[in-house]
Amino acid sequence: MDLRKFKDTFSTLSIRLSLVFVNTLAFVIAIILYIKAKPILVKVSLSHLLFSTSWHPIRGDFGFFPFIIGTLGVTAIAMILAVPVCLLSAIYLSEYAHKRFRAFVRLVVDILAGIPSVIYGLCGVIAIVPLVRFLGQAIGSPTTGYSLLAGGIILAIMVAPVIISVALEVFRTIPQAARENSLALGITTWEMIKHVILRSSLHGIIAAIVLGFARAFGETIAVLMVVGNVAKIPDSFFAPAYPLPALIANNYGEMMSIPLYDSALMFSALLLMLVVGGFSLAAHIILLRIERRGYA
Amino acid sequence: MRARRIEETIFKGLMLASLVLVLIMLAGIIVITVYKGAPALTLSMLVETPKGGYYLGKEGGIANAIVGSLLLALGASFCSILIAIPVAFGLQKEYTSWRYAGFTKLVLDVLWGTPSIVYGAFGFVVMVYFGLRASLLGGIIVLTLLMLPIMVRSMEEIIRTIPLELKEISYAMGTTKIETTLAVVLRQALPGIVTAVLLAFGRGIGDAASILFTAGYTDFIPRSIFDPVASLPLAVFFQIGTPIPEVQERAYASALVLLLIVLCVSLISRILSHRFSKNIVR
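These protein sequence lines are chains A and B, in that order. If you count by our numbering, then the first sequence holds residues 1 to 296, one letter each, in order. If you count by our numbering, then the second sequence holds residues 1001 to 1282, one letter each, in order.
Bear in mind the hints are in silico, worked out from the structure with no lab data behind them. Small disclaimer: the values here were computed from a predicted structure and weren't measured. Incorrect hints may have been included.
[Said to hold, decoys possible] Listed below are the simulated PhoX-like cross-link pairs for lysine-lysine, each with C-alpha atoms no more than 25 Å apart in a straight line:
#	chain 1	residue 1	chain 2	residue 2
1	B	K1093	A	K99
2	B	K1093	B	K1012
3	A	K5	B	K1051
4	B	K1105	B	K1177
5	B	K1177	B	K1167
6	B	K1105	B	K1012
7	B	K1167	A	K5
8	B	K1012	A	K194
9	B	K1012	A	K5
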């Protein structure tokens, strides 16, 4: 009996400790990144860091604006390309497709969500970059193909599985009765989708988009491989850009040898963590509420 | 009536077109990888480590990267399991208040969303602080951080679906918390736990940004956990960056090997979870 009690007390203690460990971990990561970023935050004002366009690490000049624009640029292109296509696909799967076909596509989407980003990047180099080069030449703006647009396209393909699977899940939480009620009034399926499905799942759709956004915002390797990496504000879709994650990945080697450089890079890592963490937190809170209410 | 029908037809057409587009794009990723990788994939690629002049297109293979990736992902899976299982159990209401469990889940959501490059940067800073070189150990630690939230979240999703009555029956017989957890919850959740582990393994083995700083790259198979280690994602990344066509071919082959490993893991997880779910009470 005593042994059983001891086992229970011991296991309860270690289980509770593991919870504390996980909770502390998130804060430890944020705090250590903040401590490392502090030297530059003390020396340069936050608004200068975020909005200055001058990037000369050797002179101690760290303006992140070109990188922030690069990140926002590729993410925006990805979202504009992916969101309409993914939502339409999810609606079709949820409302028109046969159950078995839906299960099949869901399987495919799940598998593709697990494919490593470096493979997406490789396919980008093989297929998307030449395509963009061709497009650029066709409309008269010569480009190497390694550009904002190529990064956007590859990201759009990468976030598609995320948006589709979350949106599909949200649509499926709407009770069948809600559909049947309105169909019984004699409206077409599309009208039912417009008035019932889309309206009641608005929050869930936003959550799906935000999750896709968060995934795209922090993606490193695939974008790094196709985006060109030139530290300048891109002046067209066909110009190269330099997103924040790529900046960190490309420069960790020399960051120890230039003063404040490591601090600047840790600042951008912190920025990434806060933005992406904040967005995915918001999306999950929305989804949690939908789940609790039954449907949105 | 006619206008309504036309609207319906137009939108249905748009939806079908979108779905076809998405499926073509996604299938394209696999087709391109296989098409480019298959001709370059030879037996010597799989079993040999790089020899002199390898990066100029001479003899050798990517065995160092294959072994390295497996070591990294297996090590990190093992460490993650040790932490993830207690955490997932701890989120049940026997062990913690509803409020604290909810808070922990939100923290896990933030960790889950955190980009892998951030884990890489964090890991690098910590390793520099402790004077650790890029090594197998460093890579395993960072990958563990990356895989932990993925594992816990999908384990917790399964544990949540276990019917309360089952646990109550067990408690009614006078069992302690840990006895019920091990005898009822663990058994019921086993298929989900296996899926969670394999999902995280697949994610971990393919991640490049986190181990870029922390695992290093080498032509040799590591002999201790303090040696640097090569990995498949980085093998793809470094080799595609060279201008020599023979080396680029090897990037394609490495990508194909990586893709095959990830697809196999995904397939195995589906088969195992199907097989294990036979013993489950619903």
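Against the structure, the hints:
1. Under the criterion of a C-alpha separation no larger than 25 Å, the hint pairing B:K1093 with A:K99 is inconsistent with the structure, at around 35 Å.
2. A threshold of 25 Å between alpha carbons decides the hint, and for B:K1093 with B:K1012 the separation of about 46 Å lies outside it, so the pair is violated.
3. Restraint check: the Cα-Cα separation between A:K5 and B:K1051 comes to about 59 Å, which exceeds 25 Å; the hinted pair is violated.
4. Of the supplied pair hints, the one linking B:K1105 and B:K1177 holds, its CA atoms being roughly 21 Å apart against a limit of 25 Å.
5. Distance check on the hinted pair: B:K1177 and B:K1167 sit about 10 Å apart at the alpha-carbon level, within 25 Å; holds.
6. A threshold of 25 Å between alpha carbons decides the hint, and for B:K1105 with B:K1012 the separation of about 39 Å lies outside it, so the pair is violated.
7. Between B:K1167 and A:K5, the direct Cα distance comes to roughly 18 Å. Compliance with the 25 Å bound is thereby established for this hinted pair.
8. Restraint check for B:K1012 and A:K194: the C-alpha separation of about 12 Å stays at or below 25 Å, so the hint holds.
9. For the suggested pair B:K1012 and A:K5, the alpha carbons sit about 63 Å apart, so the restraint of at most 25 Å is broken.
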